[in-house]
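**Q** Sequences listed follow chains A and F, in order.
Under this note's numbering, the first residue of the first sequence carries the number 291, and numbering increases by one thereafter.
Under this note's numbering, the first residue of the second sequence carries the number 91, and numbering increases by one thereafter.
Hints were generated in silico from the structure; no laboratory data involved.
One or more of the hints may lead you astray.
Under the rule of at most 25 angstroms between Cα atoms (straight-line distance), these lysine to any residue pairs were calculated in the SDA-like manner [claimed, not checked]:
(1) A:LYS399 with F:ALA492
(2) F:LYS444 with A:LEU378
(3) A:LYS398 with F:ALA531
(4) A:LYS441 with F:ALA531
Residues on chain F that point at chain A, a partial pick, calculated with CB under 8 angstroms [stated by the list, open to error]:
(5) VAL378
(6) ALA488
(7) ARG489
(8) GLU507
(9) GLY511
(10) LEU529
(11) ALA530
Just so you have them, the derived chain A footprint on chain F, three or more residues with Cβ under 8 angstroms [as the list claims (entries may be wrong)]:
(12) 472-486
(13) 495-504
Idealized CB from N, CA, C, for every residue including glycine.
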Amino acid sequence: MLEIKNLHAEIDGRAILDGLDLTVNAGEVHAIMGPNGSGKSTLAYVLAGKADYAVTAGEVLFEGEDMLAMAPDERAARGLFLAFQYPLEIPGVTTMTFLRTALNAQRKKRGEAELQVPEFMKRVREAAGKLDIDQEMLRRGVNVGFSGGEKKRNEILQMAMLEPKLAVLDETDSGLDIDALKIVADGVNRLRSPQRAMVVITHYQRLLDYIVPDVVHVLSKGRIVKTGGKDLALELEAHGYAQFQEEAA
Amino acid sequence: MNAEVHPIRTAAEIGLAQAFAEARSRLPGNGAISRRRAIAFDRFAEQGLPHRRVEEWKYTDLRALMREALPIAPPPDAAALRRAADAGALLHAPDVRRLVFVDGALAPELSDLAALEPGLTIQSLAVALAAADPFVVERLGTVVPTEDIAVALNTAFMGDGAVIRVADDAVISRPIHLAFRFAAQHPAAVFPRSLVVVGAGARLTVIESHEGADDLDYQVNAGLELVVGDRARVDHVKVAMDGARALHVATLMASLGAGAELNDTSFTMGGAVTRNQLFVRFAGESAVARICGATLVKGRQHVDTTLVVDHALPGGTSRELNKAVLDGESRSVFQGKIIVRPDAQKTDGKMMTKALLLSETAEADNKPELEIFADDVQCGHGATAGALDDDLLFYLMARGIARREAEGLLIQAFVGEAIEGIGHDGVREALTSAAAGWLAAR
Chain A
291 MLEIKNLHAE
301 IDGRAILDGL
311 DLTVNAGEVH
321 AIMGPNGSGK
331 STLAYVLAGK
341 ADYAVTAGEV
351 LFEGEDMLAM
361 APDERAARGL
371 FLAFQYPLEI
381 PGVTTMTFLR
391 TALNAQRKKR
401 GEAELQVPEF
411 MKRVREAAGK
421 LDIDQEMLRR
431 GVNVGFSGGE
441 KKRNEILQMA
451 MLEPKLAVLD
461 ETDSGLDIDA
471 LKIVADGVNR
481 LRSPQRAMVV
491 ITHYQRLLDY
501 IVPDVVHVLS
511 KGRIVKTGGK
521 DLALELEAHG
531 YAQFQEEAA
Chain F
91 MNAEVHPIRT
101 AAEIGLAQAF
111 AEARSRLPGN
121 GAISRRRAIA
131 FDRFAEQGLP
141 HRRVEEWKYT
151 DLRALMREAL
161 PIAPPPDAAA
171 LRRAADAGAL
181 LHAPDVRRLV
191 FVDGALAPEL
201 SDLAALEPGL
211 TIQSLAVALA
221 AADPFVVERL
231 GTVVPTEDIA
241 VALNTAFMGD
251 GAVIRVADDA
261 VISRPIHLAF
271 RFAAQHPAAV
281 FPRSLVVVGA
291 GARLTVIESH
301 EGADDLDYQV
311 NAGLELVVGD
321 RARVDHVKVA
331 MDGARALHVA
341 TLMASLGAGA
351 ELNDTSFTMG
361 GAVTRNQLFV
371 RFAGESAVAR
381 ICGATLVKGR
391 QHVDTTLVVD
401 HALPGGTSRE
411 LNKAVLDGES
421 RSVFQGKIIV
431 RPDAQKTDGK
441 MMTKALLLSE
451 TAEADNKPEL
461 EIFADDVQCG
471 HGATAGALDD
481 DLLFYLMARG
491 IARREAEGLL
501 IQAFVGEAIE
511 GIGHDGVREA
521 LTSAAAGWLA
531 AR
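Using the sequences and the hints, build the whole thing.
**A** Put into structure tokens, the structure is as follows:
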């Protein structure tokens, strides 16, 4: 589903990704772990198409097509979803409007009919209920006045509504207490399917107790330096990232 | 009136003097009213049109912007009345009581003057002036005394307008819509003046709309004096959708009694040059004013919002929010002044102005000011100007929303904050869709 080959990327002239290779197949959940500054968030943003990042070499294929040539909205319509580490507040645009606009924009790009309001409302209520998101929150500006945990749940709600093929979760665990973490992880696990792939980016192993990955990668200095099974995460938890940082250097 | 005092006279100033000399005997009202007109005109004649060296008009040099004085619009003929039949329809507010003013004159045949609610009276200003109605003569020009030259010109030339009175404790639930339409086929100037006096404990919503053809030069100098009685509440919405070549100057002069509440929203999209002046005086204790403005301009449009909120007595609360969206080479000006006089302790005043610049060549001038003479007050102001937030745009696009649509959502949200306080659902939605239409057309 996703093939990243020799990806180099920089921001403000500073090289961050340095020849990253990664292949993710449908149905798989990959964890990408790494210390601060290793390039985790850069990878997430480059995949989603944030303009601040310049790709200087390499390629990213999504279902065989050159994803780097697509605008962010095009990538989303093809089935890519990025759960933001720091979800933004959008005063004046309600979560309801935001979700319906996004969903229908994607459907339109895919040549599908727009979802009618009653059907949309039904789906939102169901999805929000499972994530313990109050109906009242859906009528407020996106993320405005939300707690950190509420913002992260709102990201998962968007993911549930948009039903992406490939979800990239950027430090979705950061700032969550254990109860909020469980709600978010349950939400993510409900979306696991043989047709869907996920890339879970995290600094800590804790999240992976709840979202159990098929493959774990260690990212250091802009490239994958080790790949293993879920036990690799436990090993990192015990020994830290120091060994990999030295290896990469 | 003495032309020799000022050797530099613009064509517009000379034209205004000629127009006044010709029209003064025909303008409604004798005696006290014609004396008041003469005094007002003399003030203009002494000072001329306001220009950039007059601080209050620094960013809107009327002397330069007003190239000529247009003749006073004649009374509308049958064809003009037909053209004005749908005046104000853009607001999709069929439930309101509509009073239509065509080329500045009340058109009773287009207006709904029947079955007035108990406690409500409506008159034509021209009729009231001609009859020297003591209620009008006594109040006109006294609600918020001002030396402003635009107001002086309005007073000198005022033709017609609405005189609305609401008795104490009368709750007028049906909004009154003053629909001003310029429908003449020759360039002309109109000087409507209205007086709205809302009694103690009463309630009223006044909606004001201004429209006209895009292919004609015309000038509007409108005045509205509004008295909000003790504990009364008035909602006022002003919508300026003038034609593309129009020069529009409008002044609200509002006085708030004790515990009174004013909820005011201005929405400006049309006109070549627009100046919205709002002079609000807290004349009673613990009054509340919420004053919002939304402006969407493009091309070479110029919109100036000049606001003076004068807290004269204790315990007043004022909130001012001004939002401007600018494209092309347009320009917005916001001058907001909160005055807190020595007696106005416990005043709570907050003013915010934000400009969203969609092009490199648009310009926003924001000048918030506080003049505080009391020591126990809470006052603040803020001003921002900038482009759309790239991070927010990316967030929306990452959800599949195309750039154009994402920009539209953000701009609508930006404007939305300034119009969400409009209580009338139809009007609020009509303005929301007008903003959406503006965005789609850019």
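**Q** Decide, hint by hint, whether the structure agrees.
**A** Against the structure, the hints:
no.	hint	in the structure
1	A:LYS399 with F:ALA492	10 angstroms, holds
2	F:LYS444 with A:LEU378	20 angstroms, holds
3	A:LYS398 with F:ALA531	21 angstroms, holds
4	A:LYS441 with F:ALA531	34 angstroms, violated
5	VAL378	23 angstroms, violated
6	ALA488	5 angstroms, holds
7	ARG489	4 angstroms, holds
8	GLU507	6 angstroms, holds
9	GLY511	13 angstroms, violated
10	LEU529	14 angstroms, violated
11	ALA530	15 angstroms, violated
12	472-486	holds (count 6)
13	495-504	holds (count 7)
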